Structure formats: C-alpha cells, structure tokens
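**Student:** Sequence:
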Amino acid sequence: MHERKKRDLSGIYIRVTKSARGRSINLALSYRGRQALKAIGLEDQVVSQGIPMRARMIHSLSGKKSAIPYGTKSQYILSISRENLNKDLLTAVEKYSNAKVHFGHRLVKCNPEKGVITVLGQDKVPKDVTCDLIVGSDGAFSTVRTYLMKKPRFDYSQQYIPHGYMELNIPPKNGDYAMEPNYLHIWPRDTFMMIALPNMNKSFTCTLFMPFEEFEKLLTSSDVLDFFQKYFPDSIPLIGKQALVQDFFLLPAQSMISVKCSSFHFKSHCLLMGDAAHAIVPFFGQGMNAGFEDCLVFDELMDKFNNDFSMCLPEFSRLRIPDDHAISDLSMYNYIEMRAHVNSRWFIFRKNIERLLHAIMPSTFIPLYTMVTFSRIRYHEAVLHWYWQKKVINGGLFLLGTLIAVSGTYLLMRYKSPRPLDYLRRPSEWVTYFQNTGHVSL
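Note that the numbering used here has the sequence shown beginning at -1, numbered continuously upward.
I should point out that these hints are in silico values taken from the structure, not numbers from a laboratory.
Here the structure is a predicted model, which means the values were calculated and not measured.
Take these hints with a grain of salt, some might be off.
[What the hints assert, rightly or not] Here are the simulated SDA-like cross-link-like pairs (lysine to any residue), alpha carbons at most 25 Å apart as the crow flies:
(1) K93 x C129
(2) K62 x I351
(3) K171 x K239
(4) K200 x I184
(5) K239 x E178
(6) K215 x A241
(7) K107 x K122
(8) K265 x D306
(9) K349 x R376
(10) K388 x I358
(11) K349 x S72
(12) K98 x D86
(13) K71 x S361
(14) K112 x T141
(15) K171 x R54
All chains, full assembly: derive it from the sequences and hints.
**Tutor:** And the structure:
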C-alpha cells in the first residue's frame, strides 16, 4: 500500500474470502506494526480501536492474580480486532486508483520465471496475469511459495507443534468487563495454558493451548467441566457452564504450524512476505508485526535502491531471513515461558533484575521483550544481545552467590567458632599452655 502512495506503480491484489471461524479475532499490535501503519497514515485510526495491555495478569490455581509488567508504565501492546484491521486496510487500498482488489479469486498457478500468475475467479475461468513483480503474501500454505520450492537452492522446512488451540468467550458482566481489561490474562499450567484478550465490546476472547492428546481426552460435558474445575476454576463463572461446553464442542482444536524458508525472493520477479515467508506460532504476538515490518523494510529498500527490484529483492532476503527465523525461534521459546516459567519465583526474580538493570543502564541492558516488542532492533540482534545479557547476569549472580557464601563462612567461623581462629592467631600461647598443663585447650 505504501508503494501505491509514494510511487507511480500499479498493483493487483488477489483475495479469497474465507470464514474466520477457528481463527483468533484478536491480534496484538506493537511497535513494529505501528511503525508500518504510521508510514501509510493509519496508525492513529487503528490504535484508537485497540485496547492497551500493559502487563500479563497471571491466574494461579488458587485464584490468586499477579501482574508482570511488559515494560515501563508508558509501554503497552494493543489488543485489536482482526476483522476491523482488515476493513481499515482494504478501505485504504481502494482509495488508490492504481490499485485493484479482486475478491473471490484464487491463485492456481505461478510462473515466477516469466512473471505470470494464473487466477481462477467466480466464473471458474482461468486467467493469466503478467506482472513486473509477484509478491506472495498468501499465508502459511502459500501457493506462490510452492512454485518457488521447485527452484534450485530453495530451502524449506515446516513444523506442526504437538499443541492445538481452541477459542472460548467471556461475555461482559453487567455491561462492563468481567475482568481487568488492560491486561493479557494468562492461566499457566506448565504443559498447557489459557489466555484471554479484551475486546472493544467488553468481552474477552479466550484461547486454550494444549497438547492434542489432552483435548482428545475430553469427550463429554462432564469431562470438560471437571477439567476446567481442576485447572481453571475461576474461569467457569466468567464463561458460564453452558457456554463453556457449547463453545468447547463447537469446533475441534486447531493446529499451529511454523514455516521457515530461504530465499525470500526469486531473481527480480518474485518475493515472499508475511506468513508465506515465515509463518510463526502466536506466542510472542509478533506474527502480524513481523509481516508489517516486512512491508516497511521493503519500502525502505525501494527508497534506497530507487525502485530497482534487481537490487531490492536480494537485499530484502539478506536482511529479513535471519530476523524472521529468529522471531520464529523466539515464539517457540515464549510458549514455554508463558505456560511454565511465569509460575517460577526464580523467573520473576530475574525479571526484576533485568528491569532494575534496564532502569540503571537503559541503553546497555534491555529486556528481551522490550527489544522485540517496543523497538525496531533487528530480531536476530535482539537474540544475540539477550544471550550476552544472560551471561552477564548469570556471571553476576554467581559472583554474588560466591561472595555471600564466603562471607557467611567467615562470619560463622568468626562468631560461632572463634577458638580455631584463636589457635591460628596465637600458636605460641597454645604451646605454652600444653607444656604447663599437658592438656589441649583452644
């Protein structure tokens, strides 16, 4: 879209309208995504329809709640509606006379060598379209990428994680939110978890992430209610027993896939962006933000190379592949953090240390979440800096522990058992005493 705004370029957008059932209606918008929206003049409009989430709210088994801030008081992520965002973006695209959107069309063939795509419309008649540049942003199961996979030296891997997800709903209570709205609520249970994000209509969208074999054990209404009573007891009155059972059996648990590939381009004719290039699991809330940053980086490169695709596309791959692979790995890691680590006092202690060091040395010590979510530090550089910080903190804690142990040992010897020290300090007195009495007395 930004290309349409700044350059005299024509574009054709092929879209297939699908039902959104089974997919989260919530998206987490953070700094990278906001910068891309800002570049096309949509940031304020989209942000105004979002709900700030300033911290994680952890729900323990006992019902106790505790908040873990994302960053400083001024830092937050936004819960936004997928549907509203799509509408805003499509409305903005349609304002450009050199952009055409074709709904109900499906890409059936792609020839990146010749820059030709074949689409199938509602009339079921295949049509060939010739393009200067084919941009495949057609999702995790990208048709464009399928054709690039036939090219030499194109690397591809995918991984289905053994966990699925299912959506539930917490309705408003007395016309207001049933829980604190400015938090991402998490029920961490070690091997699985449930989260809840606020909606503008005062409801919450809950997502249960769990191994498929656990879903398969819940076959009856009683199974579901007993499971929630055991692991999420405080959520039952919020969701409602009848609604819980109804929503649980509405759709089967959905799968999650992670995709990596290289390269993101083919010559100067074809480019992959978003999930087509790097589908990631949702646990860092960076899928949309990374895709938007793809667009922003590409636009910056178009400026740098004066719209020369032959220069821009290889550089895009060089820059984005290490970053998008890094956020893919971080998203996998963050699932473990969200479902298990947040229960650990040691984890909370380290978070507080990171926050303290960041306050003292804001440009040197930056928490991983802050680098990823509240900056445009390249993803892979954030990972490298995070590893360095962990080494420094671990080293500091080891030295502190050693100092405490040595000091404690010294004090114990000094105040609890002074006689051995006296022996070391006054050996001549000990010898004299032994000679006079024939006894050993320290």
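**Student:** For each hint, tell me whether it holds in the structure or not.
**Tutor:** Evaluation of the provided hints:
no.: 1; hint: K93 x C129; in the structure: holds, 21 Å
no.: 2; hint: K62 x I351; in the structure: holds, 23 Å
no.: 3; hint: K171 x K239; in the structure: holds, 15 Å
no.: 4; hint: K200 x I184; in the structure: holds, 18 Å
no.: 5; hint: K239 x E178; in the structure: holds, 21 Å
no.: 6; hint: K215 x A241; in the structure: holds, 20 Å
no.: 7; hint: K107 x K122; in the structure: holds, 14 Å
no.: 8; hint: K265 x D306; in the structure: holds, 12 Å
no.: 9; hint: K349 x R376; in the structure: holds, 22 Å
no.: 10; hint: K388 x I358; in the structure: holds, 17 Å
no.: 11; hint: K349 x S72; in the structure: holds, 18 Å
no.: 12; hint: K98 x D86; in the structure: holds, 16 Å
no.: 13; hint: K71 x S361; in the structure: holds, 18 Å
no.: 14; hint: K112 x T141; in the structure: holds, 16 Å
no.: 15; hint: K171 x R54; in the structure: holds, 21 Å
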